[in-house]
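**Student:** Listed below, chain by chain, are the residues.
Number of protein chains: 2
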Amino acid sequence: MTQPSIPTEAQPYRIAPQTGTGFRLSKGDVLVVIDPLGEQVSDLMAFAADTVGSEGQAEWLSSGRTFDYNETIYLTTGHQLYSNRSRVMFTLLRDDVGRHDFLLTPCSTETFEILYPPGTAEGHPSCFGNLVKAFAPFGIEPDQIPTTLNIFMNVLVDEKGKVNIGPPISQPGQRLELRAEMDLIVGLTACSAEGSNNGTFKPIDYFVIPADTQAE
Amino acid sequence: MTQPSIPTEAQPYRIAPQTGTGFRLSKGDVLVVIDPLGEQVSDLMAFAADTVGSEGQAEWLSSGRTFDYNETIYLTTGHQLYSNRSRVMFTLLRDDVGRHDFLLTPCSTETFEILYPPGTAEGHPSCFGNLVKAFAPFGIEPDQIPTTLNIFMNVLVDEKGKVNIGPPISQPGQRLELRAEMDLIVGLTACSAEGSNNGTFKPIDYFVIPADTQAE
Numbered sequence: 001m002t003q004p005s006i007p008t009e010a011q012p013y014r015i016a017p018q019t020g021t022g023f024r025l026s027k028g029d030v031l032v033v034i035d036p037l038g039e040q041v042s043d044l045m046a047f048a049a050d051t052v053g054s055e056g057q058a059e060w061l062s063s064g065r066t067f068d069y070n071e072t073i074y075l076t077t078g079h080q081l082y083s084n085r086s087r088v089m090f091t092l093l094r095d096d097v098g099r100h101d102f103l104l105t106p107c108s109t110e111t112f113e114i115l116y117p118p119g120t121a122e123g124h125p126s127c128f129g130n131l132v133k134a135f136a137p138f139g140i141e142p143d144q145i146p147t148t149l150n151i152f153m154n155v156l157v158d159e160k161g162k163v164n165i166g167p168p169i170s171q172p173g174q175r176l177e178l179r180a181e182m183d184l185i186v187g188l189t190a191c192s193a194e195g196s197n198n199g200t201f202k203p204i205d206y207f208v209i210p211a212d213t214q215a216e
Numbered sequence: 001m002t003q004p005s006i007p008t009e010a011q012p013y014r015i016a017p018q019t020g021t022g023f024r025l026s027k028g029d030v031l032v033v034i035d036p037l038g039e040q041v042s043d044l045m046a047f048a049a050d051t052v053g054s055e056g057q058a059e060w061l062s063s064g065r066t067f068d069y070n071e072t073i074y075l076t077t078g079h080q081l082y083s084n085r086s087r088v089m090f091t092l093l094r095d096d097v098g099r100h101d102f103l104l105t106p107c108s109t110e111t112f113e114i115l116y117p118p119g120t121a122e123g124h125p126s127c128f129g130n131l132v133k134a135f136a137p138f139g140i141e142p143d144q145i146p147t148t149l150n151i152f153m154n155v156l157v158d159e160k161g162k163v164n165i166g167p168p169i170s171q172p173g174q175r176l177e178l179r180a181e182m183d184l185i186v187g188l189t190a191c192s193a194e195g196s197n198n199g200t201f202k203p204i205d206y207f208v209i210p211a212d213t214q215a216e
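Residue numbers (full-length UniProt numbering), protein chains in the order written: chain A, 1 to 216; chain B, 1 to 216.
Please keep in mind that the hints were generated in silico from the structure rather than gathered at the bench.
For glycine and all other residues, C-beta sits at the position ideal for the given N, C-alpha and C.
Any given hint might turn out to be false.
Lysine to aspartate or glutamate pairs mimicking DMTMM-like chemistry, simulated, CA-CA at most 25 angstroms apart [said to hold, decoys possible]: (1) B:K133 - A:E39; (2) B:K162 - B:D50; (3) A:K162 - A:E177; (4) A:K162 - A:D50; (5) A:K133 - A:D50; (6) B:K160 - A:E110; (7) A:K160 - B:E39; (8) B:K133 - B:D96; (9) A:K133 - A:D183; (10) A:K162 - B:E194; (11) A:K27 - A:E39; (12) B:K162 - B:D212; (13) B:K27 - B:E181; (14) B:K27 - A:D183; (15) B:K160 - A:D143; (16) B:K162 - A:E113; (17) B:K160 - A:E159; (18) A:K160 - B:D50; (19) B:K133 - B:D50; (20) B:K27 - A:E177; (21) A:K162 - B:E113; (22) B:K160 - A:E9; (23) B:K27 - B:D212; (24) B:K160 - A:E113.
A short, non-exhaustive set of chain B residues, derived as facing chain A with CB atoms under 8 angstroms [as the list claims (entries may be wrong)]: (25) Y74; (26) T77; (27) H79; (28) Q80; (29) I114; (30) A136; (31) F138; (32) V163; (33) Q174; (34) R175; (35) E177; (36) E181.
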């Protein structure tokens, strides 16, 4: 995998279909996640960089705290994403799509075993597996990966609480922009599950607007 | 805190208002959680007993995997609660109430700072604080506590995704029964947050039906 140290808008980093990547963000950096072809989903998880270390403790992006403090299950422009320690990890600056899921875990081998037709799981790439690989160089263990922010995922909840996953409504080139509010280690995927991306495995693009290059 | 080793239906263990407790369950044990006076909430978290140890890794009850595999945000009789490793931790055997939340984290000092009137947080007991105390003797660290199963909590999600917390609909004596599907370390609270229990702090009762005493 060849990854430029700082992907830019002119030269974004492309996450190939059914893969993932890991990188650092500094406080103030803006992460821009783009669905380049439309109808794709990207799983994002983040850990506070200063809490990942030899003692094995970590501060992580929390779906439950984020739902609680924003009083909504859908996150969009202006919302802040919280850690398990109730600190703000990201502020959402721009959202072209308006539907991002924070209910469901990244797809895993077991997702395909439990929810998909028999035989699907074997050898199937998964966002969980790709996040495990993305975080391994940073010393983050698989058991530490919780519910992800599923960017562009179209999860609908009816009045009885039933969860339905529809085709993503993201159009080609639409984006979500997240400003890092602390130094972070981020994992990001191009989703591997046909049930989440309408059966089309596509890439995800991203780039970073460094804090020190931003206009007023 | 005086706790009988195995609370029974004849002599349940009473969790005092705004406190919590921790205990072990063996595979096959049935945990019965009762709202003795009505309109109270109980936060439950569990870890697989065989993964809590010196290496600091743990298998924990996962809201995201449970929502995903059950395809619902509301859990009731017949549903299974999954770990982050996609193993079944509990089966729900009996549910008198039909409304249990797995969206929101346990209330914490920060919950009262962010969501409550100024001045509420100082010295306020919290389910998070009580779970930290309950799990400490087992070597489980605060950062390992994720989104809890909020038993009897009345969380409503409207069509726009807005989260509203209503008064609990549980009546005095109503219960939730959960069968442990593996050896577990469990933390359980009587909720401390006035916004979740209609401003009335009440106790929670529980007892265990041991696996080896159950009828066919």
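**Student:** Look at each hint and say if it fits the structure.
**Tutor:** Status of the hints after comparison with the structure:
1. B:K133 - A:E39: 45 angstroms, violated
2. B:K162 - B:D50: Distance ~38 angstroms between K162 of chain B and D50 of chain B Cα, so the pair is violated.
3. A:K162 - A:E177: 29 angstroms, violated
4. A:K162 - A:D50: Violated, at roughly 38 angstroms.
5. A:K133 - A:D50: 20 angstroms, holds
6. B:K160 - A:E110: 30 angstroms, violated
7. A:K160 - B:E39: At roughly 21 angstroms apart (the allowed maximum being 25 angstroms), E39 of chain B and K160 of chain A satisfy the hint.
8. B:K133 - B:D96: 29 angstroms, violated
9. A:K133 - A:D183: The given pair, whose Cα atoms are some 20 angstroms apart, holds under the 25 angstroms limit.
10. A:K162 - B:E194: 28 angstroms, violated
11. A:K27 - A:E39: This hinted pair is violated, its Cα atoms lying about 30 angstroms apart.
12. B:K162 - B:D212: 45 angstroms, violated
13. B:K27 - B:E181: Holds: K27 of chain B and E181 of chain B sit about 5 angstroms apart, inside 25 angstroms.
14. B:K27 - A:D183: With Cα atoms ~42 angstroms apart, K27 of chain B and D183 of chain A exceed 25 angstroms; violated.
15. B:K160 - A:D143: 32 angstroms, violated
16. B:K162 - A:E113: Violated, at roughly 32 angstroms.
17. B:K160 - A:E159: Holds: K160 of chain B and E159 of chain A sit about 11 angstroms apart, inside 25 angstroms.
18. A:K160 - B:D50: Violated: K160 of chain A and D50 of chain B sit about 36 angstroms apart, past 25 angstroms.
19. B:K133 - B:D50: 20 angstroms, holds
20. B:K27 - A:E177: Distance of about 46 angstroms is beyond 25 angstroms: violated.
21. A:K162 - B:E113: This hinted pair is violated, its Cα atoms lying about 32 angstroms apart.
22. B:K160 - A:E9: 32 angstroms, violated
23. B:K27 - B:D212: Holds, at about 10 angstroms.
24. B:K160 - A:E113: 32 angstroms, violated
25. Y74: Holds, because the Cβ-Cβ distance from Y74 of chain B to chain A comes to roughly 4 angstroms (cut-off 8 angstroms).
26. T77: Given a least distance of 14 angstroms, the restraint on T77 of chain B is violated.
27. H79: 11 angstroms, violated
28. Q80: Violated. Min distance 10 angstroms.
29. I114: With a closest approach of 5 angstroms, the I114 of chain B hint holds.
30. A136: Constraint on A136 of chain B not satisfied, violated at 14 angstroms.
31. F138: 16 angstroms, violated
32. V163: Hint holds; V163 of chain B Cβ to chain A Cβ min 5 angstroms, cut 8 angstroms.
33. Q174: 19 angstroms, violated
34. R175: 21 angstroms, violated
35. E177: 20 angstroms, violated
36. E181: Violated, about 15 angstroms.
When the structure is compared with the earlier hints, violations turn up for hints 1, 2, 3, 4, 6, 8, 10, 11, 12, 14, 15, 16, 18, 20, 21, 22, 24, 26, 27, 28, 30, 31, 33, 34, 35, 36 and for no others.
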